[in-house]
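Respectively, the protein sequence lines represent chains A, B, C and D. Each residue of the first sequence is one higher than the one before, starting from 1 at the first, in the working numbering. Each residue of the second sequence is one higher than the one before, starting from 1 at the first, in the working numbering. Each residue of the third sequence is one higher than the one before, starting from 1 at the first, in the working numbering. Each residue of the fourth sequence is one higher than the one before, starting from 1 at the first, in the working numbering.
Since the hints were made in silico from the structure, they are not lab data. Keep in mind that a hint or two might mislead.
To be verified - Label-pair restraints from in silico Cβ distances: (1) C:G74 with B:D32: 28 to 34 Å; (2) C:S261 with A:M189: 37 to 43 Å; (3) D:T288 with C:E188: 57 to 63 Å.
Said to hold, decoys possible - Which residues of chain A face chain B? A partial, calculated answer using Cβ under 10 Å: (4) N134; (5) A137; (6) G153; (7) I269; (8) V279; (9) E289.
Quick reminder that beta carbons are idealized off the backbone N, C-alpha and C, glycines included.
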Amino acid sequence: MTISEKKENSENRVIMYREALNEAIMEEMKNDDTVFVMGEGVAERGGSYKVTAGLLDEFGKKRVIDTPISEASFTGAGVGAAITGMRPIVEILFIDFTVLIMDQIVNQAAKYKFMTGGKGRVPIVVRTQGGSGNGLAAQHSQSLEAWFYHIPGLKVVMPSTPYDAKGLLKSAIRDDDPVMFIEHKLLYMKKGEVPESEYFIELGRGEIKRKGKDITIISWSNMIPRSLSAAERLAEEGIDVEVIDPRTLVPLDRKLIMDSVKKTRNAVIVQEAVRRGGVASDIASIIQEEAFESLDAPVAIVAGKNTPIPFNLRLEKASIPQEKDIILAVKKTLNFKIG
Amino acid sequence: MTISEKKENSENRVIMYREALNEAIMEEMKNDDTVFVMGEGVAERGGSYKVTAGLLDEFGKKRVIDTPISEASFTGAGVGAAITGMRPIVEILFIDFTVLIMDQIVNQAAKYKFMTGGKGRVPIVVRTQGGSGNGLAAQHSQSLEAWFYHIPGLKVVMPSTPYDAKGLLKSAIRDDDPVMFIEHKLLYMKKGEVPESEYFIELGRGEIKRKGKDITIISWSNMIPRSLSAAERLAEEGIDVEVIDPRTLVPLDRKLIMDSVKKTRNAVIVQEAVRRGGVASDIASIIQEEAFESLDAPVAIVAGKNTPIPFNLRLEKASIPQEKDIILAVKKTLNFKIG
Amino acid sequence: MSFREFWRDIYKNLYTIRVFEKNCIRLYRQGLIVGYFHPYLGEEAIAVGACAALRSDDYIVSTHRGHGHCIARGGDIRKMLAEVLAKEAGYCYGLGGSMHIADVATGNIGANGIVGGGIPLGIGAGLSISIRGTEQAVVIFFSDGASNNGVFAESLNLAAIWNLPVIFMLENNHYAVSTPIEEASRTEDLYKRAEGYGVFATAIDGNDVKVVYEKTKEALEVCRSGRGPFLVEAKTYRQGGHHVNDPGKYMPREKLDYYMSKDPVQTGRKYLINEGGFSEDEVKRFETEIENEIKEAVEFAKNSPELSEEKYFNEIVI
Amino acid sequence: MSFREFWRDIYKNLYTIRVFEKNCIRLYRQGLIVGYFHPYLGEEAIAVGACAALRSDDYIVSTHRGHGHCIARGGDIRKMLAEVLAKEAGYCYGLGGSMHIADVATGNIGANGIVGGGIPLGIGAGLSISIRGTEQAVVIFFSDGASNNGVFAESLNLAAIWNLPVIFMLENNHYAVSTPIEEASRTEDLYKRAEGYGVFATAIDGNDVKVVYEKTKEALEVCRSGRGPFLVEAKTYRQGGHHVNDPGKYMPREKLDYYMSKDPVQTGRKYLINEGGFSEDEVKRFETEIENEIKEAVEFAKNSPELSEEKYFNEIVI
Ligand SMILES: Cc1ncc(C[n+]2csc(CCOP(=O)(O)OP(=O)(O)O)c2C)c(N)n1
Ligand SMILES: Cc1ncc(C[n+]2csc(CCOP(=O)(O)OP(=O)(O)O)c2C)c(N)n1
Ligand SMILES: [Mg+2]
Ligand SMILES: [Mg+2]
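Same shape as in the complex, but just chain A:
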């Protein structure tokens, strides 16, 4: 199977992120009998964010399965089904609940290929959503991609647009390895162009979301729209920002990042997750290692504060990066003068 990326500029149908995800699943379930969907409320209710709406009618109860609140075991069942020839898409309602499935993902799925000498494969997609928004508080707002990023054997996808969401999910479903597919609760209703004809986005291929020459912002998921709007504001002040969305954190499109940083000589990484031990730190460590000579200033990180996410909306907002924080970091980086 060749996965190739093609963007059809002619079609400019606009749909929501959640609809794009829904289409990806629909198409892949039609295309391949072994694809099935499992999770809490995915069937009758069509999913808490409506991503699986309509699937039950189309494919029936055998392939669109409502589960009890048994995250560890139904995810494990997904892994077992994948090992025995199926392509499950398991939904975990909130990334905060992936704490319950770590054995099945980390000790089982991620290591199975390795532990069978390559004879066993685990083509499972775990769809979940993270991030803060709308006062869901500390146990429903975390950004935990760093955990999965750290585990050899897992792929990690975090789309920021409807177009990317669809193309990446289709590739994730066809991938023969376990993929953590992390959506963002504030993106589901966001709209964007999505062609009607079929397309795929290769895992490991980032994208320049905005071309620029003065500084590179690297960001993903819901921080992309925020970085783009910060870039527009900065443009008004004559600062030309390049915004890069790796789209998949594993595999990471290092070349795209390095080429950009080597060109702009300045980098800011923006993540919603807590600063300490986040993916941004890792990308920063790579940039300073690989592009040390090219940097005019240290790589800056704009990230979530070191706190659980508060319920109060103003404090929730204050706990994660805002446009103004990004603008500040860009300016500070550009104003950096070596001692």
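The hints should help you fit chains B, C and D with the ligands onto chain A, whose structure is shown.
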């Protein structure tokens, strides 16, 4: 309670790491009725690595509790006991099994103080051990400190010597917040000087394990002895290495690290964990941010390969940093010439 | 305590929960409450009956549907309202909201956003009691959905082998969000799961506060004499959807009507009159008192300030 | 298949497991095997009886004590020995070792280093069968210790509500390492845990291969007709410590003697003679054959090369 660090040079009793841990628990259980121990085989068997040997005889079944294989719930029971006035020390046999307790640690223990507006506290210590050694293979050899490091509300301790192990464990037990206390399976039998009189090591206080002026190695747990021996070899070649052990990753002794790096102008971080998304990346990101002007070369990271740990002993060894890898990284860093 | 006082206290809690939830639903629809909000309407008898049987030094563990437990355990309504309105005067400075109210002072270990997440915490409370050797006890509230999570089974077993003074109060309201228990279990009688672990168990009418009170009392005696744990399955039904925004269309009309006809507040009201000796007029006056108290608390909460960013980052977050 | 052939196959597996484990223990003591090694000695009848009842397209899920399951399911002894000796010719290039042998070709989903970790994987195999609509089935092997882990209860429930063709084969050897089941459960009859979830369950003599075979056969019929799952608790005992280095001193002599007197290999041997019609001489010759086969496999494994670093990092690790 004031926790103060004092090293008694007069006494030079030499005991094993596991004995030092055992002493810490003994002393704290004698000192405070609310301290108790719980885990698989900690009572009758005295723990798989003998850390809890003798406790059952001394304190009886009520305070030294063997559990069924129910990691999630007995850890949760520890959290609940801590909330209701006790100071539990929960043992998880392998850090690889902490995948099963993440809800209780991350969603419950780490956030409880926050979610009660500071009125509730969770003075629990979760003792576990990680790292590879002796062919225990992919599900018994991981280094997962990065996960806990990423979660606001948790402290993370990783002692490298018997002296540190005892002083840190005593402080961890007296700490009012949840502490992940991560030992290393290859250190249990290592010996070192431990005074007979009582002492504590403050969480957040690192130590210079070897003074040097040319380059700083930052490392922890079982990578400390390896870094020290690499430093000795390098000394023979006239390279004077400073070796820093933060001892606690959270809180992190940033000042100790920065002062050293600003002095030596070169840094290498050595961790056993997988490179991608590890704690080393975070420390590197901090150093390049805070000491950009002081660095003569990029911060180098020596880390585990991007693979589950293999059973085969030669390949296991090849998967984690060896003395030669550290030496190479030091030399490469010192030979770095800007563009 | 006289019957009059007893039933007065019971009804006070039943009616307070009812009015509290109705007020909050209104505030939610006005946009003054955000996030998740799971009303306890229709299940009031369980929290109230169970808590009435407790001593003041006992513990409870609550759930995402936790306001009823907090109120029944003697929680402060002003602090609760301030919390759900995200104000500094709340139980948690407005940092937690509906799903994270804990009241350390009344032994309420707290609500929980993780279904099943609280169950092991209750085991821990039982364990501290057992180690300290006091005669306290613990009631763990949870619902049918949580009983499908592994920690439930593990915790049953831990409580059993350690003879912990723990009551598992299974509020079987027949749904986990929209998933009916018949689709999540082969048997609707969830108490049977306890028996395999050697745990005493029984099912009761969860809409009758007297039944709940008496069965809890009995189970507590077993627990306090060192023969615990005990599982009580209290059969009940929500009087609406899973949360404020869920119309609950999937709930069959007949079943809803049946449980509505067994409304726990109305049932409690009858007890107040028949066993507590209240006259209809007295009850009405009493109800108005409660309504006024809540009205004042709502005003208090509405007019309270939010926690400032400065205080949050400099004093609260460590 | 004739009785002779049937019992020949059964005994071949029983005796192979016995000799395999004894050889490995010797190799371990010689320092040629490292890491964890959990012998299946004394429990052979369970794997052999259960696997004999399976079709070739069925699945099994194994445990950390997994050599018996792999052999009984038709695993390749040379590949197994190469694996435990950490050689490239092993099932997993020597990257997995004793606790990680899986044999995709024979439907053996694999051993597992996480106690209980395999149980949900078996549910998944059952789910694929159910979605595909074939008549395959799954046997999940696990022991008493694993039955205290929450995934066991969750998985029982999932299998029950989805009517999955899954047999839970609970090898109750009465210990989790050194912890006796009496300390980990209020009841020694673990099959009772299944009943609360509406799952058929029964306890049997796990040391009698005929009993295991027949009960598995019966349970498989239930499963294949869509009325599964089924839990079979096979009572047994280890013939030694938890792993090679554990002398097992905590195991009471009488109980060990009792189970030794019901040795599954000896019992199988009697069946081979009485029901399979083998003479004592024939059995002896057969045993020598098996011993020789294993001796050769040991030599093969010993003389095999290890995987090179180059191949490991450039071809295996992605
Ligand atoms: C571990 C976990 N899984 C899923 C959810 C999402 N969720 C919130 S409430 C709920 C239903 C809970 O059902 P039940 O335990 O019966 O409680 P009830 O709402 O009936 O009181 C679900 C699935 C969650 N909060 N935690
Ligand atoms: C989740 C987990 N907890 C603990 C261990 C350590 N451990 C390995 S084997 C074992 C005992 C298992 O007992 P049981 O399930 O009865 O299997 P048996 O050894 O009797 O076959 C334990 C505790 C583990 N491997 N995984
Ligand atoms: Mg319910
Ligand atoms: Mg066992």
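Original post:
Which hints from the list above does the structure break, by number from lowest to highest?
Top reply: Per hint list: single violation, 4.
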